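In terms of our numbering, the sequence shown opens at residue 23 and continues consecutively.
Think of the hints as simulated: they come from the structure by calculation, not from any bench.
Incorrect hints may have been included.
Stated by the list, open to error - So the derived label-pair ranges between C-beta atoms look like this:
id	residue 1	residue 2	range
1	140	105	30 to 36 Å
2	245	191	44 to 50 Å
3	444	66	34 to 40 Å
4	444	157	54 to 60 Å
As the list claims (entries may be wrong) - Mimicking DSSO-like on lysine-lysine, the simulated pairs with C-alpha atoms at most 27 Å apart in a straight line are:
id	residue 1	residue 2
5	408	419
6	414	500
7	275	408
8	419	500
The structure presented is a predicted model; accordingly, all values stated were derived computationally and were not measured.
Note that the Cβ used here is the ideal one computed from N, Cα and C, for glycine as well.
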Amino acid sequence: MRQVTPLLFVPDDGSAREATRFGEHTMTYDRLATASTALAARLSGAGRVAVWATPTPETVVAVVAALRAGVPAVPLNPKTGTRELAHIVADSEPTVMLAGAGDVLPPVLDTLGRIDVDTATDGKGGAALPEPSPESPALIVYTSGTTGPPKGAILPRRAIAASLDALEDAWQWTGDDVLVHALPLFHVHGLILGVLGPLRRGGSVRHLGRFSTDGVARELSSGGTMLFGVPTMYHRLAEALDGRAPGATELAKALAGARLLVSGSAALPVHDHERIAAATGRRVIERYGMTETLMNTGVRADGEPRPGTVGAPLRGVELRLVEEDGTVLTDPDAIGEIQVRGTNLFTGYLNRPDATAAALTEDGWFRTGDMATRDTDGYVRIVGRKATDLIKSGGYKIGAGEIENALLDHPGVREAAVTGEPDPDLGERIVAWVVPGDPASPPTEDELAGHVAAQLSPHKRPRTVRYLDALPRNDLGKIMKRSLHA
Numbered sequence: 023m024r025q026v027t028p029l030l031f032v033p034d035d036g037s038a039r040e041a042t043r044f045g046e047h048t049m050t051y052d053r054l055a056t057a058s059t060a061l062a063a064r065l066s067g068a069g070r071v072a073v074w075a076t077p078t079p080e081t082v083v084a085v086v087a088a089l090r091a092g093v094p095a096v097p098l099n100p101k102t103g104t105r106e107l108a109h110i111v112a113d114s115e116p117t118v119m120l121a122g123a124g125d126v127l128p129p130v131l132d133t134l135g136r137i138d139v140d141t142a143t144d145g146k147g148g149a150a151l152p153e154p155s156p157e158s159p160a161l162i163v164y165t166s167g168t169t170g171p172p173k174g175a176i177l178p179r180r181a182i183a184a185s186l187d188a189l190e191d192a193w194q195w196t197g198d199d200v201l202v203h204a205l206p207l208f209h210v211h212g213l214i215l216g217v218l219g220p221l222r223r224g225g226s227v228r229h230l231g232r233f234s235t236d237g238v239a240r241e242l243s244s245g246g247t248m249l250f251g252v253p254t255m256y257h258r259l260a261e262a263l264d265g266r267a268p269g270a271t272e273l274a275k276a277l278a279g280a281r282l283l284v285s286g287s288a289a290l291p292v293h294d295h296e297r298i299a300a301a302t303g304r305r306v307i308e309r310y311g312m313t314e315t316l317m318n319t320g321v322r323a324d325g326e327p328r329p330g331t332v333g334a335p336l337r338g339v340e341l342r343l344v345e346e347d348g349t350v351l352t353d354p355d356a357i358g359e360i361q362v363r364g365t366n367l368f369t370g371y372l373n374r375p376d377a378t379a380a381a382l383t384e385d386g387w388f389r390t391g392d393m394a395t396r397d398t399d400g401y402v403r404i405v406g407r408k409a410t411d412l413i414k415s416g417g418y419k420i421g422a423g424e425i426e427n428a429l430l431d432h433p434g435v436r437e438a439a440v441t442g443e444p445d446p447d448l449g450e451r452i453v454a455w456v457v458p459g460d461p462a463s464p465p466t467e468d469e470l471a472g473h474v475a476a477q478l479s480p481h482k483r484p485r486t487v488r489y490l491d492a493l494p495r496n497d498l499g500k501i502m503k504r505s506l507h508a
């Protein structure tokens, strides 16, 4: 019988190697194996299990135990509201709730049996369970639900392994790497890339608990080799790198010493790219993925960091751009919807065969809903979501992202988002939502329109500017553009 390759690293050198660090709490591979194996024995045959996914070692033990038991885990965002949480629980039907002993759970979870996760075991982990099939479900991760109730994406072990191994190839990721991040552990970025990634390689992850520039500087200065973050985090790093800010010199030195600085989950503005590069000599690289596809593209460690792009397709991933009528586009300047195919894809949406069928073409390509152009060397440049970021104005297809980057290059703009609104003459008019650097003296609408027209072209200038105190963002730092029009 063919032996199935384990999804997670199993050390054979004893175990004092550090697996995770959360503040002062360090867990070795031996402790993780013992605690997770003991819990896995209790989960065997449990159906699905829910995990109260706080940024703690208990979450790591819970997810690893579920993976060892071959039981699908459903990570729950502790900040989720009652109505959405009730939907997720009713849809996924977990048989048990895994949480830290000190976690206070909302009443909507009272009907679930609860197991308190113990990271301090007595050394008796029990016998290891056999490795499940690569096609068996590993995680059910719920999407953000921007077009209705959240859908549970079923992620098989095969997809997780394929994505993490493709990143090993692209980023030269090894067991010697120490990953630093402060991402939430209920979604793909923080949990799969940020925790399972190091654990598959035999490396270490240091979670900050809560993001801070001081925490980043401390961990990168004391052995961290990679930093994973979202644009909001890198924006704060760029602000803290200002020579007048306390600790700027130490932070710049720490970032410069990292092997890789990686941004994902949304586009990193070019302005922040340039500020970080100027202060550290180190370029941030980007990658592109989704809940349903895991990782699709990435800038390689030995490749060219090109601000505004997310690199070329990863190993094992097919990618194409498609016109609305299904025509496959080959012109480098053409904007089309990204479709992907490969072993990185999810199995489908839980209990939603209709949604699964709508998301896939007959020959297995996943319709991402993201719009992009593709350079002649394969680098992908995402212009935004089809539903919110592709603006059809005056006969042109315009991506919101490049206008946002142009606005952020204006010294009077702190944050910016661009959307389209119906217009009787143009079809859609471009609307800029701006957080000014100085609320008492914001740049005028004409000034911003002229600034964009000079950098890009006149038809891409905003026709309307609306000023805000802050842009609405979700837990991953993505701007929630639908909320702007609510």
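The hints, checked one at a time:
The given range of 30 to 36 Å is respected by residue 140 and residue 105, whose C-beta atoms sit roughly 32 Å from each other. Take residue 245 and residue 191: their Cβ atoms lie about 24 Å apart, and the range 44 to 50 Å is violated. About 56 Å separates the C-beta atoms of residue 444 and residue 66, a value inconsistent with the hinted range of 34 to 40 Å. In this structure, residue 444 and residue 157 break the distance hint of 54 to 60 Å, their C-beta atoms being roughly 45 Å apart.
With a CA separation close to 11 Å, the supplied pair residue 408 and residue 419 stays within the 27 Å bound. Under the criterion of a C-alpha separation no larger than 27 Å, the hint pairing residue 414 with residue 500 is consistent with the structure, at around 23 Å. About 39 Å separates the Cα atoms of residue 275 and residue 408, which puts this hinted pair outside 27 Å; it is violated. Taken as a hint, the residue 419 and residue 500 pair is honoured in the structure, with Cα atoms around 23 Å apart against an allowance of 27 Å.
Comparing the model with each earlier hint shows violations of hints 2, 3, 4 and 7; every other hint is respected.
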